[in-house]
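Read top to bottom, the protein sequences are chains A and B.
Sequential numbering from 1 applies to the first sequence in this note's numbering.
Sequential numbering from 1001 applies to the second sequence in this note's numbering.
These are calculated hints, taken from the structure and not from any lab test.
Ideal placement from N, C-alpha and C gives every residue a C-beta, glycine not left out.
It is possible that part of the hints are untrue.
[As the list claims (entries may be wrong)] Derived coverage of chain B by chain A (criterion: at least 3 residues anywhere in the stretch with Cβ under 8 Å from a Cβ of chain A; other residues may be distant):
#	segment
1	1071-1080
2	1151-1157
3	1242-1254
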Amino acid sequence: MQTKVSIYKQEKRWAYLFVLPAVLQFFLFGAGPLIYSLYASFTDWNVLFGVRFVGLANYREILVTERFWKAVYNTFFLMLGTPIGIACALMLALALNRRTIGSKLFRVIYYLPSVSSVVAISILWTWIYNYDYGILNTLLRMVFGVDGPNWLYDPTWIKPSLILMGVWRSFGATAIFYLAALQNIPQVYYEAAKIDGAGPWQSFWRVTLPLITPITFYLLVMGVIGNMQSFAEIHVMLSNGGTEYSGATIVYFLWQKAFQNYEMGFACAVAWILGSIIFILTLLQFKTMRHWVYDGS
Amino acid sequence: MLTNPKAQQRIGDILVTILLSLGAVTMLFPFAWMISTSLKEQRYIFTLPPQWIPDPILWHKYIEVWEKVPLLYGFMNSTIVALSVIIVGTFTSSLAAFAFSKMRFPHKEKLFMFLLGTMMIPYAAVMIPQFVMFSNIGWVDTLWPLILPGLFGNVAMIFFLRQYLTGVPTAIIDAAKIDGCSFFGIYWRIVLPSIKPAIAAHVVMWFMGIWNDYLGPVIYLTSPRKMTIQPVIALFNSYYASQNDYALIMAASVISMMPVIFIFVFFQRYFIESLVISGMKE
């Protein structure tokens, strides 16, 4: 008994030591800065003049800043890419799941863009979208005989262009998740559906789709969180948020405020609004989850 | 013929393969265009209709690019960040994962949930106080702000390894305890060897994340020689796009993608598995 107690004491001590770095990280780089930024969002925090408490002034100013609302609109618009990407990924996964020849090679090819850096991909697509010499407009001209728009400069086309690039970049990776989910579906379900007289189309709607809803849910939640924070492609492909600011996202707006105008307090308030939007969206998804996500019953 | 399910299956397979091949061409086409542009002579880049295969093929942009930009510094700095963060961070993460999955201590579950919560915090929400903190220490335009936080571990990795460790029998660890093996000894001799595959999988993913990181480096690094690879390429792009030297820009982009693509192709099996496991277990 004596030794058992001392072993536990020792175990406790060692365990605390082992988790110490992670806990320190939590306070130093996670919770600490997070709470500080909440405090800072109520101040006029400027690198030159220090911190001065201003109450809700930052939040009030944000609500009347036109660029902020543009950025919010753009961010939500760009989020359309999440469901589009998920739908494309599902189709790809269904195709890959047939295990035809070369399906392993296909898997690698479709995955390739998502491991390449956003910066290189953005540079590449800037060139593809080039109005005069870009390959996209060249193809449109050669194949369909039409003049393509000025993708990255025309305010109406900037967001669709970004969505197209985003879907191209990430749907191969998303498909890998679906592929794993599809391979986890027990064959007996399909056999049972067949006995009940279901065709392939019906068994897809009645068996496959409901059974992969947990992974769809996961992808939707992660996709929204990720998409809400896009920055790199905007920074690389567009200058100053694009024509009429029509490509700027919330994170881009925040970055400009913090690191170009050095309005740190204001930027912290924007960050907290962004964090709240992400939190609410995630919460909403979890709330509606039980209506459509399969839970094993 | 179509009533025969086997034949139907085969026709379906052929159709799917054709569609997949067309899709694969669409996926690879932009990359091919990138490489093709990088090998062209300046005056042929803007010809219409475009030259699909460059004639003549010029490799000199791939040499020129090393002389023109601090590309080498970009590679070096990214390697320094990636290696130090991954080596130390893997050590700290795996220790924490071991404690969270196999050791007994008060408030274990609560503590773990708190750590998981940090995965939900957007970087944008913490980057400003972090930036001010590091600039007060005088670390702006050094690699430290990119390295230091990572040394304390990576929550995603802790989570992933903890999931993996649930599959390692506790009996072995209990036996070692009774034999008087120290806890660090258990970690070093039993836990670490048994989670090697999981570590490999996660390290690949982590490396790609660090190599492709952009927002962090853009905030902290201002002088070209201090920059990691992504801001170097972006800077390069904005500089040479105005001179229309697209061959040079594309060559630099191709070079910057090489390390991750090589790693991906060699480790893709582990990589994809890790991705799937971490996704499936939520």
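**Request:** Hints the structure violates: just list their numbers, smallest first.
**Result:** Violated hint: only 1; rest satisfied.
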